[in-house]
Every structure is written in C-alpha cells, then in structure tokens.
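A.B. asks: Please put together the full structure from these sequences, using the hints given.
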Amino acid sequence: MNKNIILLLTVLGCVLSSCFQQYNNDDKFRKGWSVEWEENFDDQLDQTSWSKIPSGKHHMYRYMSDSSALYVLEDGNLILKGIANPLDDKRLPFLTGGILREGVKANETKRIEARVRINAKVGASPYIALVPDTGEDNIIIDIIDQYGNDEFVYQSVTSEYTTTQGMPDNPPSSALVSVNPMEYHIYGVEKYPDSIVFYVDGTRTKKYPRIPTDIPGQFPFNDMDMNLLIGLRLSKDTDQAVLPAEVYIDWVRYYEPQTEETSK
1 MNKNIILLLT VLGCVLSSCF QQYNNDDKFR KGWSVEWEEN FDDQLDQTSW SKIPSGKHHM
61 YRYMSDSSAL YVLEDGNLIL KGIANPLDDK RLPFLTGGIL REGVKANETK RIEARVRINA
121 KVGASPYIAL VPDTGEDNII IDIIDQYGND EFVYQSVTSE YTTTQGMPDN PPSSALVSVN
181 PMEYHIYGVE KYPDSIVFYV DGTRTKKYPR IPTDIPGQFP FNDMDMNLLI GLRLSKDTDQ
241 AVLPAEVYID WVRYYEPQTE ETSK
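Mapping of the sequence shown onto the numbering used here: residues 1 to 264, in sequence order.
Since the hints were derived computationally from the structure, they do not count as laboratory data. Every value quoted in this text rests on a predicted model; they were computed, and no experiment measured them. Mixed in with the good hints there might be a few duds.
Derived lysine to any residue pairs resembling SDA-like cross-links, with alpha carbons at most 25 angstroms apart [claimed, not checked]:
hint: 1; residue 1: K57; residue 2: E136
hint: 2; residue 1: K105; residue 2: T48
hint: 3; residue 1: K110; residue 2: S51
hint: 4; residue 1: K110; residue 2: W37
hint: 5; residue 1: K110; residue 2: P209
hint: 6; residue 1: K52; residue 2: K31
hint: 7; residue 1: K110; residue 2: E36
hint: 8; residue 1: K105; residue 2: H58
hint: 9; residue 1: K81; residue 2: K236
hint: 10; residue 1: K236; residue 2: S68
hint: 11; residue 1: K207; residue 2: A175
hint: 12; residue 1: K236; residue 2: S67
hint: 13; residue 1: K207; residue 2: D223
hint: 14; residue 1: K207; residue 2: Y192
hint: 15; residue 1: K52; residue 2: E136
hint: 16; residue 1: K57; residue 2: Y147
hint: 17; residue 1: K105; residue 2: Y154
hint: 18; residue 1: K57; residue 2: T158
hint: 19; residue 1: K207; residue 2: S195
hint: 20; residue 1: K81; residue 2: A106
hint: 21; residue 1: K52; residue 2: D42
hint: 22; residue 1: K110; residue 2: G123
hint: 23; residue 1: K52; residue 2: W251
hint: 24; residue 1: K81; residue 2: L229
hint: 25; residue 1: K90; residue 2: S55
hint: 26; residue 1: K52; residue 2: P132
hint: 27; residue 1: K207; residue 2: V179
hint: 28; residue 1: K110; residue 2: K236
hint: 29; residue 1: K81; residue 2: S55
hint: 30; residue 1: K81; residue 2: V179
hint: 31; residue 1: K105; residue 2: W37
hint: 32; residue 1: K207; residue 2: R115
hint: 33; residue 1: K110; residue 2: K57
hint: 34; residue 1: K31; residue 2: S195
hint: 35; residue 1: K207; residue 2: D169
Label pairs and their in silico Cβ distance ranges [as the list claims (entries may be wrong)]:
hint: 36; residue 1: P212; residue 2: N180; range: 33 to 41 angstroms
hint: 37; residue 1: P86; residue 2: T259; range: 48 to 56 angstroms
hint: 38; residue 1: S67; residue 2: D214; range: 26 to 34 angstroms
hint: 39; residue 1: P172; residue 2: D214; range: 18 to 26 angstroms
hint: 40; residue 1: L45; residue 2: P212; range: 42 to 50 angstroms
Just so you know, even glycine gets a beta-carbon here, dropped at the ideal spot from N, CA and C.
C.D. replies: Next comes the structure, spelled out in structure tokens:
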C-alpha cells in the first residue's frame with residue numbers, strides 16, 4: 001500500500017513538473033488576456049519606460065545605486081546585482097540595483113508576469129513588488145519576496161489593515177510557495193477590483209479578497225496607482241565574501257483582459 005502511494009505521488013509530481021515546465025517555456029498567450037506591453041531586455045534598458053530605483057530610507061531602497069556595475073545586460077537578461085561597496089564607506093557598505101516603471105492604475109484589471117531566476121545569497125532578499133506611486137511604505141503587493149538560501153518564495157499583501165490594525169490572518173495575507181529560485185520561474189499577479197491573485201508558473205497560489213469589514217485599510221489596492229519594482233535588498237549584516245547576489249530578469253509582460261476585438 002505504501003509503495004503504491006509513493007508511486008502515485010512520484011507520478012503526480014512528474015506530471016505537475018512537466019506542466020510547469022511547459023508553461024515556463026510557453027509563448028506569450030494567456031487564456032483570457034492579451035499582451036499590452038512586454039520587455040525582453042535584449043539590447044538595452046528602455047529608459048523611457050524604466051527607471052533605476054533611487055536610494056531611500058525604506059529598507060527596500062537603503063543601498064540602491066545607479067552604478068552601471070549593478071545593471072548588466074547579458075544573454076537576453078537584465079542582471080541586477082548586490083555587491084560590496086568598492087569604496088570604504090561604513091555608512092554605505094553595499095550597493096544594490098533595482099528598476100521601476102508604471103505598474104497598474106486605480107480601478108484597472110491587469111495581469112503582470114516576470115520570468116526570473118535568482119542567484120541566492122545569505123543576507124540578500126530579491127523582490128518583485130507593486131507599491132503606491134505616492135511613496136506610502138505600508139502598502140505593498142509582493143509578487144515575490146525571497147530570503148537567502150530559502151527554497152521557497154513569499155507572495156503577500158501588506159496594508160494598514162495587516163500591519164497597524166494587526167489583521168494579517170483575516171483573510172490570510174501571505175503564502176509560502178515551494179520553488180527552487182535558482183531556476184527560472186514565471187511569477188505573476190492579477191489585480192481585480194475585489195481581489196489580488198498570485199501565480200507561479202501558471203499555477204494559482206493565493207487569492208487575497210476584499211472583505212466586508214469596518215476596520216480601515218483592508219483593500220486599498222484598487223484605489224491607487226501602483227509602480228512595478230524589481231530589485232534586491234541586502235541586510236546590513238550580510239557577509240561581503242558571499243556577494244554578488246543577482247536577479248536575472250528574462251522578460252516582463254503586462255496583460256489586459258481580452259476583448260472580442262483583441263481576440264480576433
């Protein structure tokens with residue numbers, strides 16, 4: 001009996017792995033969606049659409065720099081790096097790369113995907129996120145957040161409701177997804193007026209809904225314009241000897257709901 005169960009689980013795992021791989025290598029078609037724009041990073045960073053994330057007090061931006069050493073185009077990837085500061089500066093021991101562009105507008109229904117792999121290092125935390133263009137730092141949609149050598153990623157939402165109001169579990173605001181971040185995966189999110197839905201390699205991993213509640217700040221995500229950020233942060237205690245940490249971005253795609261016109 002036990003052998004049969006093990007065999008069944010093994011076969012099921014192989015089937016799922018095959019499906020994920022097929023999706024990972026799939027073309028840009030997604031059922032029900034049409035591509036509005038895509039960035040393949042083949043030649044150069046389109047600086048009319050993308051900007052380098054400026055440094056700031058928030059931990060996501062603490063070591064951000066526009067140094068060209070942190071932004072490398074290679075084999076159709078944009079590689080964002082986290083390195084030790086070559087200058088002896090105790091106030092700024094590290095430099096990290098990150099990019100941003102306009103993400104989703106208020107009241108829009110959109111889908112965003114990015115095909116990414118991570119050269120993980122202890123002390124490094126790569127991320128793909130949507131943040132308010134107003135700069136508020138307690139509202140975030142984390143398409144992925146990955147820590148050190150963990151073989152999983154977090155997908156989550158952060159808001160006044162989940163932090164200040166102390167309600168991260170009603171409804172659950174985060175999911176842990178088992179993946180090997182050192183391999184390419186397609187990380188995605190769909191934003192609706194009443195929910196945020198997360199994906200990895202085409203598999204839905206989590207839905208965070210708008211719920212009826214008198215507690216403020218539960219679902220602010222449809223009411224504001226949000227920017228798309230891809231980057232990495234480093235802990236101040238990171239061992240410089242393990243660096244660089246790297247994020248390889250193969251492509252980013254932005255979808256709108258398919259209509260009769262776009263489906264023709």
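A.B. asks: Each hint should be assessed against the structure and marked as holding or not.
C.D. replies: Taking the hints in turn, this is what the structure says about them:
1. K57 / E136: Holds, because 12 angstroms separates the two Cα atoms, which is no more than 25 angstroms.
2. K105 / T48: Holds, because 18 angstroms separates the two Cα atoms, which is no more than 25 angstroms.
3. K110 / S51: 21 angstroms, holds
4. K110 / W37: 12 angstroms, holds
5. K110 / P209: At roughly 16 angstroms apart (the allowed maximum being 25 angstroms), P209 and K110 satisfy the hint.
6. K52 / K31: 32 angstroms, violated
7. K110 / E36: Holds. K110 to E36 sits at ~10 angstroms (cutoff 25 angstroms).
8. K105 / H58: 23 angstroms, holds
9. K81 / K236: Holds, at roughly 16 angstroms.
10. K236 / S68: Holds, at roughly 22 angstroms.
11. K207 / A175: The given pair, whose Cα atoms are some 9 angstroms apart, holds under the 25 angstroms limit.
12. K236 / S67: 19 angstroms, holds
13. K207 / D223: Distance of about 18 angstroms is within 25 angstroms: holds.
14. K207 / Y192: 11 angstroms, holds
15. K52 / E136: Since the Cα atoms of K52 and E136 sit roughly 18 angstroms apart, the hinted pair holds (cutoff 25 angstroms).
16. K57 / Y147: 20 angstroms, holds
17. K105 / Y154: This hinted pair holds, its Cα atoms lying about 24 angstroms apart.
18. K57 / T158: 18 angstroms, holds
19. K207 / S195: The given pair, whose Cα atoms are some 7 angstroms apart, holds under the 25 angstroms limit.
20. K81 / A106: Given that 25 angstroms is the threshold and the Cα spacing comes to 31 angstroms, the pair is violated.
21. K52 / D42: 18 angstroms, holds
22. K110 / G123: 33 angstroms, violated
23. K52 / W251: 17 angstroms, holds
24. K81 / L229: Since the Cα atoms of K81 and L229 sit roughly 14 angstroms apart, the hinted pair holds (cutoff 25 angstroms).
25. K90 / S55: The given pair, whose Cα atoms are some 16 angstroms apart, holds under the 25 angstroms limit.
26. K52 / P132: 16 angstroms, holds
27. K207 / V179: Distance ~18 angstroms between K207 and V179 Cα, so the pair holds.
28. K110 / K236: Violated, at roughly 36 angstroms.
29. K81 / S55: 15 angstroms, holds
30. K81 / V179: Measuring from Cα to Cα gives roughly 21 angstroms; hence the hint holds.
31. K105 / W37: Holds, at about 15 angstroms.
32. K207 / R115: 20 angstroms, holds
33. K110 / K57: Violated, at about 30 angstroms.
34. K31 / S195: Holds: K31 and S195 sit about 19 angstroms apart, inside 25 angstroms.
35. K207 / D169: Since the Cα atoms of K207 and D169 sit roughly 13 angstroms apart, the hinted pair holds (cutoff 25 angstroms).
36. P212 / N180: 33 to 41 angstroms: Taking Cβ atoms as reference, P212 and N180 lie about 39 angstroms apart, which means the hint holds.
37. P86 / T259: 48 to 56 angstroms: Given a distance of about 51 angstroms, which is inside 48 to 56 angstroms, the answer is holds.
38. S67 / D214: 26 to 34 angstroms: Since S67 and D214 have Cβ atoms about 48 angstroms apart, the given range 26 to 34 angstroms is violated.
39. P172 / D214: 18 to 26 angstroms: 20 angstroms, holds
40. L45 / P212: 42 to 50 angstroms: 44 angstroms, holds
Checked against the numbered hints above, the structure violates hints 6, 20, 22, 28, 33 and 38; every other hint is satisfied.
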